[in-house]
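**Student:** Residue-level listing of the chains:
Protein chains: 4
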Amino acid sequence: MERIPVAVLGATGTVGQKFILLLQDHPYFELAELVASERSAGKPYAQACQWKQDSPIPRSLAQRTVKGTDDPLGSPILFSGLDATVAGPIESRYAERGYIVISNSRNHRMDPDVPLVIPEINHEHLDLIHRQNHPGAIITNPNCSTIFLSMALAPIHREFGVEAVNVTTLQAISGAGYPGVPSLDIVGNVIPYIGGEEEKMESETLKILGRLAGDRVEPAPIRISAQCTRVPVVDGHTETLSLKLRSRAGPQDVARVLRQFRSLPQELALPSAPGNPIVLLEDQDRPQPRRDVWLEKGMCTVVGRIRECPVLDIKMVILGHNTVRGAAGAAILNAETLVKKGYLGNGSRLHQAMNQRRLQAVGAP
Amino acid sequence: MERIPVAVLGATGTVGQKFILLLQDHPYFELAELVASERSAGKPYAQACQWKQDSPIPRSLAQRTVKGTDDPLGSPILFSGLDATVAGPIESRYAERGYIVISNSRNHRMDPDVPLVIPEINHEHLDLIHRQNHPGAIITNPNCSTIFLSMALAPIHREFGVEAVNVTTLQAISGAGYPGVPSLDIVGNVIPYIGGEEEKMESETLKILGRLAGDRVEPAPIRISAQCTRVPVVDGHTETLSLKLRSRAGPQDVARVLRQFRSLPQELALPSAPGNPIVLLEDQDRPQPRRDVWLEKGMCTVVGRIRECPVLDIKMVILGHNTVRGAAGAAILNAETLVKKGYLGNGSRLHQAMNQRRLQAVGAP
Amino acid sequence: MERIPVAVLGATGTVGQKFILLLQDHPYFELAELVASERSAGKPYAQACQWKQDSPIPRSLAQRTVKGTDDPLGSPILFSGLDATVAGPIESRYAERGYIVISNSRNHRMDPDVPLVIPEINHEHLDLIHRQNHPGAIITNPNCSTIFLSMALAPIHREFGVEAVNVTTLQAISGAGYPGVPSLDIVGNVIPYIGGEEEKMESETLKILGRLAGDRVEPAPIRISAQCTRVPVVDGHTETLSLKLRSRAGPQDVARVLRQFRSLPQELALPSAPGNPIVLLEDQDRPQPRRDVWLEKGMCTVVGRIRECPVLDIKMVILGHNTVRGAAGAAILNAETLVKKGYLGNGSRLHQAMNQRRLQAVGAP
Amino acid sequence: MERIPVAVLGATGTVGQKFILLLQDHPYFELAELVASERSAGKPYAQACQWKQDSPIPRSLAQRTVKGTDDPLGSPILFSGLDATVAGPIESRYAERGYIVISNSRNHRMDPDVPLVIPEINHEHLDLIHRQNHPGAIITNPNCSTIFLSMALAPIHREFGVEAVNVTTLQAISGAGYPGVPSLDIVGNVIPYIGGEEEKMESETLKILGRLAGDRVEPAPIRISAQCTRVPVVDGHTETLSLKLRSRAGPQDVARVLRQFRSLPQELALPSAPGNPIVLLEDQDRPQPRRDVWLEKGMCTVVGRIRECPVLDIKMVILGHNTVRGAAGAAILNAETLVKKGYLGNGSRLHQAMNQRRLQAVGAP
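Chains as they are written, first to last, in the numbering used here: chain B, 1 to 365; chain S, 1 to 365; chain U, 1 to 365; chain L, 1 to 365.
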């Protein structure tokens, strides 16, 4: 299979850097273009970017010239790690020009015709792209904390029905990007507030677990209450959950459905798919972010301490890697699903769009 | 008023050290004796103890010879910071000999005839000491996390009735004593488990908020579900709460009853009583342990972010100083209440006990 | 004594906030005016400022209207916590208008006619203000790390002569102001570089320990080599020192001169002076920033582990509170010295300047 | 090549666990036996051990029965991560029985007939084993902080001669094992003392850089002064160095010899050898432990900020992974050198010893 050229939008930011690392040597995609704000455009990437990853800038990209968001792009697929303050209109404009935008930004997530996808849960929502009023497409993945919550809820919801969820998060500092949280605010401290995060968890989860009905998603009938805190951890969001179920189920039943859970990405053996989307740990003091965040290369949701809840029905602790499965990795898995499910195949709408966009790209800025 | 001589049991431990600091220049009590295990007995305090407080050992105590738990004691009131592995029988033995044991240890808290007291909430439970089958008395204060939870619940429970509580804690490392939590376990990490803590919060709270009915306490009819985690914070336990109420009340109503709450320790102006037992913060990112833990000298419960809960009724964030109001300070406030409420006055049972015990003390080891 | 009205320049910044806390109820000075950039001017202080101190904004100042640096000021003494990017010309302009600027900023420290003062060491350098070519005066205190180094060196230098110093610092995050160091850079990490810090330590120390010769300071003939690192500590700079001495002296000799050191601020009993400017700790694992930084209310230099150095002569570990004695507290002690040494007395140059400036202030913006 | 069966002594400890991880799938060695104290002997490894590594216990070892130090062992090579309180006599006893002990413990490092080896620097010291008065052999690697210091010094010493070194360390908590440093001592703090560490750095380095002269090592004529501190970092010791050189050399010269340095392990392409034993970083704020500790899989010494020193000649910052190259990895590289240099080959003393020991092992406990 020939690799599809792709671009990263917001390539100098924290999410953009993670896209670059995760797209190295990807079997489906070839990272062809780096796009950033006008301030960075025209500079070599290594100079435009404050690289903050633990491994160095890939050699082949260090001297690559960064393009601006007005430059013509030759890649049909764009991974967007754009800052939410600008992502909305820029992503729309690309879609109007026929690009397929795989976005990690929050701006279009709740648009009725934009799929908000976790391939293990609701890959069929991808069909929504046919409702979009532009030649291209916008596909989004959820907020980081929401992904792990949804992953843990989905199998339980299908089997027993989830009626209500109380969740408290203990989120890592890398979730706020760079420079992000000032050290004076978080060293030896807890900040019991993250702007907009509780609202995202309470709304996005319902769309993800919802049912595709005609041209829209019917939100799942679940009540969710989130309390989000920041803790001095580098990577890995921990969440404590209490669930009310519609059918009766004990901790053993819940553990069983979580342990057995496999879905489309596993069946298709997608390159970024975790072997086990949900990993259960037995020790009573796990999961722990520093020790367990890299399980399944950071692409799974880790679950522990499943037990009865005296107020609702079941409680547990979950964990996920917020900048891998919680951001860039989620978007890449969405793109892999798009490819393998045939959305880009001969005769498909997007195949035509890609062809048409190529023609346009030649002429237009 | 002549100061009452007191002893600290477990004087070399973390709680014992805090007792020593908080009893310096106390208007009611004079720290006369330091008691510890046989390993420390006979040594000067400064040598027996690995002092880990931020201010130095009080000069007058550094050379004080530590007594053993078998040595005769001349102080009628004993503050116990004994380790829970040994506290049970030692405290009982002292009570049998006529001492008044004010204990921070968990061992006797749930004994039916032992008061588990937070003076702002249930000082009348102190009457339980008249049911104890020994000449002395044992009085306990709750577990640290439980104290802040109970303080926040009590005014709401009285006004609106609390039916159920979901609570997640983010607890400081000082709560585990010294050496306590290994740094390799907690630096840059979260440990989602603290042995026995969830059970204590779920049971002790009901006794504290319960009603004294004859010779026992009728537990409050509240369902509590706790999830306890450890975070890399030095002092200060943060807790996220979701409450279900029996009467309808909005965030403003709840804020009002919390803000107005005053009780016996404030009326009696007890030396350790916080002016405001509950301090409300308005900023949406407070309370924070490093910044707010010393409000009211660490003796209050700090509350913030009161808002509606989509699952139960009300949610909020609370904070308290786990080694001050959460441990030694709680016990000292109990003792101050005991004194000011007249339990030790002329003609009282404990007054007689104290006299009798003094006689015994002369003869017996 | 009537209190002198003072203003704080840069009142909304980190150093400005500390000035405000330390000037509360000051016996010599009355905080009359808060001055900040044009962005803040005209707003109530509580609104203009992101308050980041552990105690709340003093009640009397929360609603005080912030003035701009172009507004006329009625206070003759200005404490400057201005950012170094703007402090230079602004401070000069105030001095030209007859104000006495007590600055913590680095801009004028090395000007030949500006005293760089630590009152315990070189209060006589204050005479340099008579060389300044403006009606007012500029007086500076050293960089935080330099203050503690100079304090430890001064008594040793006087007694034995210091020839060379190797110093490595482990500096707290509060030294970088707010927002300062991003948490992603420092949580669980060390940053072995602080811009400009090594140069300041290597040059400022020589001026402080230098000799006033006519109209200039002859730098002390000491070679200093500094390596500065940032560590995840909130407050308190730790430094490891190795010294080469001109006269032979052992650890006991050095300990003795440090322990006995007292100077002018102690003799004058200045309000902010530490009782002991240098506190020696005996335990081999001290000083430690979290445990020892508040000794002498954060105004002393703490010294420990004095021992022989196999390469130079003597090594030791020192510690100081970087935002108290290392910044605002240093400036305030300078101002107290100025007052008590008579620089502002009847008939003095500054007394005349203050009078003259008052006249100007009435007319001029 | 047939893999040599090896055992790990002290297999349940922190260093032992690292041995186990690093010996997985090793091309020369097969981990055949796990040995620990009598308390652990007889139990399955997973039960005997508090596993604290970030990856799980290798599946093949979890149920392996732990042997005691008195049980007969079938492996000729023993990797020792024994605690220093017991390692001395146990290692000697094994050597007397003909085993080859590759030890990370400090006990025999300074024995005149025991090689203290870093293969890149002094592999020829291995010849010392022929002077040992027992049929087996004891080979040691240096203390963690000493390894990185020696690695940085060796090429400079050879080219320019090092006369004196001032070094300050900022050491990670993992260096103290488990449970190691209590979190209350180190969260948000610095401990300026590590027992015995300064002495080890000041003495071991001289032996490593010394010259093998007949039956002993002549220590290198270098004066070293170390100041060791602990900081809240998980893995990675940072060190600031100041060097006095015998020949004149500037930062560029020093950078060149460090950059070009390669040695025996690189020539032999030993399995654990870093491609670059010394990695130079150009950014002025590097090396940083959290970001750079895994360069060359944790087996190199990272160097940055090489510049002139106003007191001595050259200063720089270095970093290394204390539990990989600084402990278990160092020992394994020593063993690989032993194999590839032919010390175990046909006809060698150790080959005979191994054969003889096998005979003994059959009969003796």
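Since the hints were derived computationally from the structure, they do not count as laboratory data.
Keep in mind that a hint or two might mislead.
[To be verified] In silico lysine to aspartate or glutamate, DMTMM-like type, Cα no more than 20 Å apart, as pairs:
{"hint": "1", "chain 1": "B", "residue 1": "LYS244", "chain 2": "S", "residue 2": "GLU308"}
{"hint": "2", "chain 1": "U", "residue 1": "LYS297", "chain 2": "U", "residue 2": "ASP54"}
{"hint": "3", "chain 1": "S", "residue 1": "LYS52", "chain 2": "U", "residue 2": "ASP71"}
{"hint": "4", "chain 1": "U", "residue 1": "LYS52", "chain 2": "S", "residue 2": "GLU38"}
{"hint": "5", "chain 1": "B", "residue 1": "LYS200", "chain 2": "S", "residue 2": "ASP113"}
{"hint": "6", "chain 1": "B", "residue 1": "LYS52", "chain 2": "L", "residue 2": "ASP285"}
{"hint": "7", "chain 1": "S", "residue 1": "LYS244", "chain 2": "B", "residue 2": "GLU163"}
{"hint": "8", "chain 1": "B", "residue 1": "LYS200", "chain 2": "B", "residue 2": "ASP253"}
{"hint": "9", "chain 1": "L", "residue 1": "LYS43", "chain 2": "L", "residue 2": "ASP71"}
**Student:** Which of the numbered hints are not met once you compare them with the structure shown?
**Tutor:** 3, 4, 5, 8
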